[in-house]
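Peer 1: Listed below, chain by chain, are the residues.
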Amino acid sequence: MTINIKYFGLIAEVTQHEEETMNVSGRFISDLLEALYSKYPDLKNKDFQVAQNQELVSENTELSGQELALLPPFSGG
Amino acid sequence: MTINIKYFGLIAEVTQHEEETMNVSGRFISDLLEALYSKYPDLKNKDFQVAQNQELVSENTELSGQELALLPPFSGG
Amino acid sequence: MTDKKPKNVFKQGAISSEFIGESIAKHQTKTSIGAHNIFLGQVRADVIDGKTVSAIEYTAYEDMANAKFDEIREAAFEKFELTCMHIYHSLGTVKAGEICLFVFVSSSRRKVVFKALEYIVEEIKAQVPVFGKEIFKDDSHQWKVNN
Amino acid sequence: MTDKKPKNVFKQGAISSEFIGESIAKHQTKTSIGAHNIFLGQVRADVIDGKTVSAIEYTAYEDMANAKFDEIREAAFEKFELTCMHIYHSLGTVKAGEICLFVFVSSSRRKVVFKALEYIVEEIKAQVPVFGKEIFKDDSHQWKVNN
Numbered sequence: 002m003t004i005n006i007k008y009f010g011l012i013a014e015v016t017q018h019e020e021e022t023m024n025v026s027g028r029f030i031s032d033l034l035e036a037l038y039s040k041y042p043d044l045k046n047k048d049f050q051v052a053q054n055q056e057l058v059s060e061n062t063e064l065s066g067q068e069l070a071l072l073p074p075f076s077g078g
Numbered sequence: 002m003t004i005n006i007k008y009f010g011l012i013a014e015v016t017q018h019e020e021e022t023m024n025v026s027g028r029f030i031s032d033l034l035e036a037l038y039s040k041y042p043d044l045k046n047k048d049f050q051v052a053q054n055q056e057l058v059s060e061n062t063e064l065s066g067q068e069l070a071l072l073p074p075f076s077g078g
Numbered sequence: 011m012t013d014k015k016p017k018n019v020f021k022q023g024a025i026s027s028e029f030i031g032e033s034i035a036k037h038q039t040k041t042s043i044g045a046h047n048i049f050l051g052q053v054r055a056d057v058i059d060g061k062t063v064s065a066i067e068y069t070a071y072e073d074m075a076n077a078k079f080d081e082i083r084e085a086a087f088e089k090f091e092l093t094c095m096h097i098y099h100s101l102g103t104v105k106a107g108e109i110c111l112f113v114f115v116s117s118s119r120r121k122v123v124f125k126a127l128e129y130i131v132e133e134i135k136a137q138v139p140v141f142g143k144e145i146f147k148d149d150s151h152q153w154k155v156n157n
Numbered sequence: 011m012t013d014k015k016p017k018n019v020f021k022q023g024a025i026s027s028e029f030i031g032e033s034i035a036k037h038q039t040k041t042s043i044g045a046h047n048i049f050l051g052q053v054r055a056d057v058i059d060g061k062t063v064s065a066i067e068y069t070a071y072e073d074m075a076n077a078k079f080d081e082i083r084e085a086a087f088e089k090f091e092l093t094c095m096h097i098y099h100s101l102g103t104v105k106a107g108e109i110c111l112f113v114f115v116s117s118s119r120r121k122v123v124f125k126a127l128e129y130i131v132e133e134i135k136a137q138v139p140v141f142g143k144e145i146f147k148d149d150s151h152q153w154k155v156n157n
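Residue numbers (this note's numbering), protein chains in the order written: chain X, 2 to 78; chain H, 2 to 78; chain Z, 11 to 157; chain A, 11 to 157.
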């Protein structure tokens, strides 16, 4: 599956991109994470959440092909 | 004892003064109130507190000769 | 903070939005502040028995009121970790839609400002001898009661 | 209130005290309002390991953030009897002492505004994907974490 992923804040510093398109084999968010960890080993030590179609999801959520984002801890306000 | 009394808000409407000097015989706030009720019978139906020297006092407080004030319910803000 | 003579909290007439904006601006040099919380009391055009409030005319037992405002300010500084606190209350006529009370607290952290502001406003309503006369459009009036 | 497309809460750069004053002024025609409560987040010049924060640079996942702000707004209107609610958050650079968050709630009665404002601010801190990069005077940085 081809997925567009956005990176924010500290995570974008690790990936060195704000956005990229990846091919992921597998059906779950956890499969995407495996692919990301092998591409960016430093991500493993970072605290982040995953949003799919602008909603936070867990590792067991199915990939829908919609917009994905890696979000470090929120610090608005 | 000669006492200066201030009236505020609704109470000043009843007494028709904002301030007056009265002679009170007796030692307690209750004695002052008796004198006021006989001068202004309408006061009996009104809700108010008494301040002496800018502190709220009860009927049993002794008159000190300091500034007295009749305060209707507060409605600031 | 411990001046013998209390500050004068009262301002003649309504408190303007410009005055509030300027008060906020003055705090921008205080870079230890992380959170401000502002309460504004505004005069409502309440309809009572078919008559509409057009203004409130405020009077106060000024000396006692300023002393009470001072006590409230001191108590709030003791209870809460505040950087700044300002209180202004109108005297005289304040029209419906205009502002009659402005309470402004600031702290390094946000949690404290919410509690402090509510405490101060409730204390003002309960403890300070200020009297509001609600003037109706037909020039009759009634005395406001807080609840 | 129920537009399909959420409002844009973000403003480029700091939120000025004039803008806040003008927002207050705009509410003076709404004569059913009795109480306003305003929260302002201000950038602190924190000292961390001997280095002083000179600014915060805000970025956001804007679409998701605006949708979340909208959810928070809707939830607050359901929970509390509010007349008005406005939220503004900065993007880009906000210097120490400048304002980065402005939340404004109004109601006919005061009790409700305190609870509503605290609820909204806590929800914003917890739910909205905004990211603050604390820039030190020596141009190094660290990522801010809310607590």
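In short, the hints are calculated from the structure, not lab data. A virtual CB, placed ideally from N, CA and C, is assigned to each residue, including glycine. You may find that some hints are simply not true.
Cross-link-like lysine to any residue pairs, in silico, SDA-like; alpha carbons within 25 Å at most [unchecked claim]:
{"#": "1", "chain 1": "A", "residue 1": "143", "chain 2": "X", "residue 2": "51"}
{"#": "2", "chain 1": "Z", "residue 1": "105", "chain 2": "H", "residue 2": "32"}
{"#": "3", "chain 1": "A", "residue 1": "121", "chain 2": "Z", "residue 2": "26"}
{"#": "4", "chain 1": "Z", "residue 1": "105", "chain 2": "A", "residue 2": "32"}
{"#": "5", "chain 1": "A", "residue 1": "40", "chain 2": "Z", "residue 2": "62"}
{"#": "6", "chain 1": "H", "residue 1": "7", "chain 2": "H", "residue 2": "32"}
{"#": "7", "chain 1": "A", "residue 1": "105", "chain 2": "X", "residue 2": "13"}
{"#": "8", "chain 1": "A", "residue 1": "135", "chain 2": "X", "residue 2": "15"}
{"#": "9", "chain 1": "X", "residue 1": "47", "chain 2": "X", "residue 2": "31"}
{"#": "10", "chain 1": "Z", "residue 1": "135", "chain 2": "A", "residue 2": "157"}
{"#": "11", "chain 1": "H", "residue 1": "7", "chain 2": "Z", "residue 2": "76"}
{"#": "12", "chain 1": "A", "residue 1": "36", "chain 2": "Z", "residue 2": "28"}
{"#": "13", "chain 1": "Z", "residue 1": "125", "chain 2": "A", "residue 2": "59"}
{"#": "14", "chain 1": "A", "residue 1": "105", "chain 2": "A", "residue 2": "39"}
{"#": "15", "chain 1": "Z", "residue 1": "143", "chain 2": "A", "residue 2": "143"}
{"#": "16", "chain 1": "Z", "residue 1": "121", "chain 2": "A", "residue 2": "41"}
{"#": "17", "chain 1": "A", "residue 1": "21", "chain 2": "Z", "residue 2": "21"}
{"#": "18", "chain 1": "Z", "residue 1": "135", "chain 2": "A", "residue 2": "42"}
{"#": "19", "chain 1": "H", "residue 1": "7", "chain 2": "Z", "residue 2": "54"}
{"#": "20", "chain 1": "Z", "residue 1": "61", "chain 2": "H", "residue 2": "29"}
{"#": "21", "chain 1": "Z", "residue 1": "125", "chain 2": "A", "residue 2": "89"}
{"#": "22", "chain 1": "Z", "residue 1": "121", "chain 2": "A", "residue 2": "36"}
{"#": "23", "chain 1": "Z", "residue 1": "143", "chain 2": "H", "residue 2": "32"}
{"#": "24", "chain 1": "A", "residue 1": "135", "chain 2": "X", "residue 2": "48"}
{"#": "25", "chain 1": "Z", "residue 1": "121", "chain 2": "A", "residue 2": "42"}
{"#": "26", "chain 1": "A", "residue 1": "147", "chain 2": "Z", "residue 2": "119"}
{"#": "27", "chain 1": "Z", "residue 1": "121", "chain 2": "A", "residue 2": "153"}
{"#": "28", "chain 1": "Z", "residue 1": "36", "chain 2": "Z", "residue 2": "93"}
{"#": "29", "chain 1": "A", "residue 1": "125", "chain 2": "Z", "residue 2": "118"}
{"#": "30", "chain 1": "Z", "residue 1": "61", "chain 2": "Z", "residue 2": "118"}
{"#": "31", "chain 1": "X", "residue 1": "47", "chain 2": "A", "residue 2": "85"}
{"#": "32", "chain 1": "A", "residue 1": "15", "chain 2": "X", "residue 2": "57"}
{"#": "33", "chain 1": "Z", "residue 1": "36", "chain 2": "A", "residue 2": "119"}
{"#": "34", "chain 1": "Z", "residue 1": "15", "chain 2": "Z", "residue 2": "62"}
{"#": "35", "chain 1": "Z", "residue 1": "121", "chain 2": "A", "residue 2": "15"}
{"#": "36", "chain 1": "Z", "residue 1": "125", "chain 2": "A", "residue 2": "56"}
{"#": "37", "chain 1": "X", "residue 1": "47", "chain 2": "A", "residue 2": "122"}
According to the in silico footprint, chain Z covers these stretches of chain A (three or more CB under 8 Å from chain Z) [stated by the list, open to error]:
{"#": "38", "segment": "29 to 41"}
{"#": "39", "segment": "101 to 114"}
Peer 1: Next step is simple, just say for each hint if it's right about the structure.
Peer 2: Okay, the hints, checked on the actual structure:
Restraint check: the Cα-Cα separation between residue 143 (chain A) and residue 51 (chain X) comes to about 20 Å, which is no more than 25 Å; the hinted pair holds. Of the pairs offered as hints, the one joining residue 105 (chain Z) and residue 32 (chain H) is violated, with about 41 Å between alpha carbons and a cut-off of 25 Å exceeded. For the hint linking residue 121 (chain A) to residue 26 (chain Z), the alpha-carbon distance of about 23 Å falls within 25 Å, and the restraint holds. With a C-alpha separation of about 18 Å, the suggested pair residue 105 (chain Z) and residue 32 (chain A) falls inside the 25 Å cut-off, and the hint holds.
For a cut-off of 25 Å, the pair hint linking residue 40 (chain A) to residue 62 (chain Z) stands: about 14 Å separates their Cα positions. Simply put, residue 7 (chain H) and residue 32 (chain H) have alpha-carbon atoms about 17 Å apart, close enough for the 25 Å limit, and the pair holds. Annotation: proposed proximity of residue 105 (chain A) to residue 13 (chain X) holds, straight-line Cα distance about 23 Å (limit 25 Å). A hinted pair counts as satisfied when its Cα atoms are at most 25 Å apart, and residue 135 (chain A) with residue 15 (chain X) qualifies at roughly 24 Å.
Between residue 47 (chain X) and residue 31 (chain X), the direct Cα distance comes to roughly 16 Å. Compliance with the 25 Å bound is thereby established for this hinted pair. For the hint pairing residue 135 (chain Z) with residue 157 (chain A), the CA-to-CA distance comes to about 32 Å; that exceeds 25 Å, so the pair is violated. Between residue 7 (chain H) and residue 76 (chain Z) the alpha-carbon distance is near 16 Å, which keeps this suggested pair within the 25 Å criterion. Only pairs whose Cα atoms come within 25 Å are accepted, and residue 36 (chain A) paired with residue 28 (chain Z) is accepted, the gap being roughly 12 Å.
A threshold of 25 Å between alpha carbons decides the hint, and for residue 125 (chain Z) with residue 59 (chain A) the separation of about 31 Å lies outside it, so the pair is violated. Distance hint between residue 105 (chain A) and residue 39 (chain A) is unfulfilled; the C-alpha atoms sit about 33 Å from each other, more than 25 Å. Straight-line distance between C-alpha atoms of residue 143 (chain Z) and residue 143 (chain A) comes to about 51 Å, which puts the hinted pair past the 25 Å bound. Taking the CA atoms of residue 121 (chain Z) and residue 41 (chain A), the gap is near 30 Å; set against the 25 Å cutoff, the hint is violated.
About 34 Å separates the Cα atoms of residue 21 (chain A) and residue 21 (chain Z), which puts this hinted pair outside 25 Å; it is violated. Among the hinted pairs, residue 135 (chain Z) with residue 42 (chain A) is consistent with the structure: their alpha-carbon atoms are about 20 Å apart, no more than 25 Å. With a C-alpha separation of about 29 Å, the suggested pair residue 7 (chain H) and residue 54 (chain Z) falls outside the 25 Å cut-off, and the hint is violated. Pair hint residue 61 (chain Z) plus residue 29 (chain H) does not hold up; C-alpha atoms about 43 Å apart against a cutoff of 25 Å.
Restraint check for residue 125 (chain Z) and residue 89 (chain A): satisfied, since their Cα atoms lie roughly 20 Å apart, inside the 25 Å limit. With a C-alpha separation of about 28 Å, the suggested pairing of residue 121 (chain Z) with residue 36 (chain A) is violated against the 25 Å cut-off. This hinted pair does not check out: residue 143 (chain Z) and residue 32 (chain H) have alpha carbons roughly 30 Å apart, beyond 25 Å. About 17 Å separates the Cα atoms of residue 135 (chain A) and residue 48 (chain X), which keeps this hinted pair within 25 Å; it holds.
Between the alpha carbons of residue 121 (chain Z) and residue 42 (chain A) the distance comes to roughly 29 Å, so the proposed pair goes past 25 Å and is violated. For the hint linking residue 147 (chain A) to residue 119 (chain Z), the alpha-carbon distance of about 22 Å falls within 25 Å, and the restraint holds. Using a Cα cut-off of 25 Å, the hinted pair residue 121 (chain Z) and residue 153 (chain A) holds, with the two alpha carbons roughly 21 Å apart. Pair hint residue 36 (chain Z) plus residue 93 (chain Z) holds up; C-alpha atoms about 13 Å apart against a cutoff of 25 Å.
In summary, the hint linking residue 125 (chain A) to residue 118 (chain Z) is supported, as the alpha carbons are separated by about 20 Å, within the 25 Å threshold. In summary, the hint linking residue 61 (chain Z) to residue 118 (chain Z) is not supported, as the alpha carbons are separated by about 46 Å, beyond the 25 Å threshold. The straight-line distance between the Cα atoms of residue 47 (chain X) and residue 85 (chain A) is roughly 32 Å, outside the 25 Å bound, and the hint therefore fails. Straight-line distance between C-alpha atoms of residue 15 (chain A) and residue 57 (chain X) comes to about 20 Å, which keeps the hinted pair within the 25 Å bound.
At roughly 29 Å between alpha-carbon atoms, residue 36 (chain Z) and residue 119 (chain A) are farther apart than 25 Å, so this suggested pair is violated. Among the hinted pairs, residue 15 (chain Z) with residue 62 (chain Z) is inconsistent with the structure: their alpha-carbon atoms are about 40 Å apart, more than 25 Å. Our distance criterion of 25 Å between C-alpha atoms is broken by residue 121 (chain Z) and residue 15 (chain A), whose separation comes to about 32 Å. About 23 Å separates the Cα atoms of residue 125 (chain Z) and residue 56 (chain A), which keeps this hinted pair within 25 Å; it holds.
For the hint linking residue 47 (chain X) to residue 122 (chain A), the alpha-carbon distance of about 40 Å lies beyond 25 Å, and the restraint is violated. With 10 residues having a Cβ less than 8 Å from any Cβ of chain Z, the segment 29 to 41 of chain A passes the three-residue criterion, so the hint holds. With 4 residues carrying a beta carbon less than 8 Å from a beta carbon of chain Z, the segment 101 to 114 of chain A meets the three-residue requirement, and the given coverage holds.
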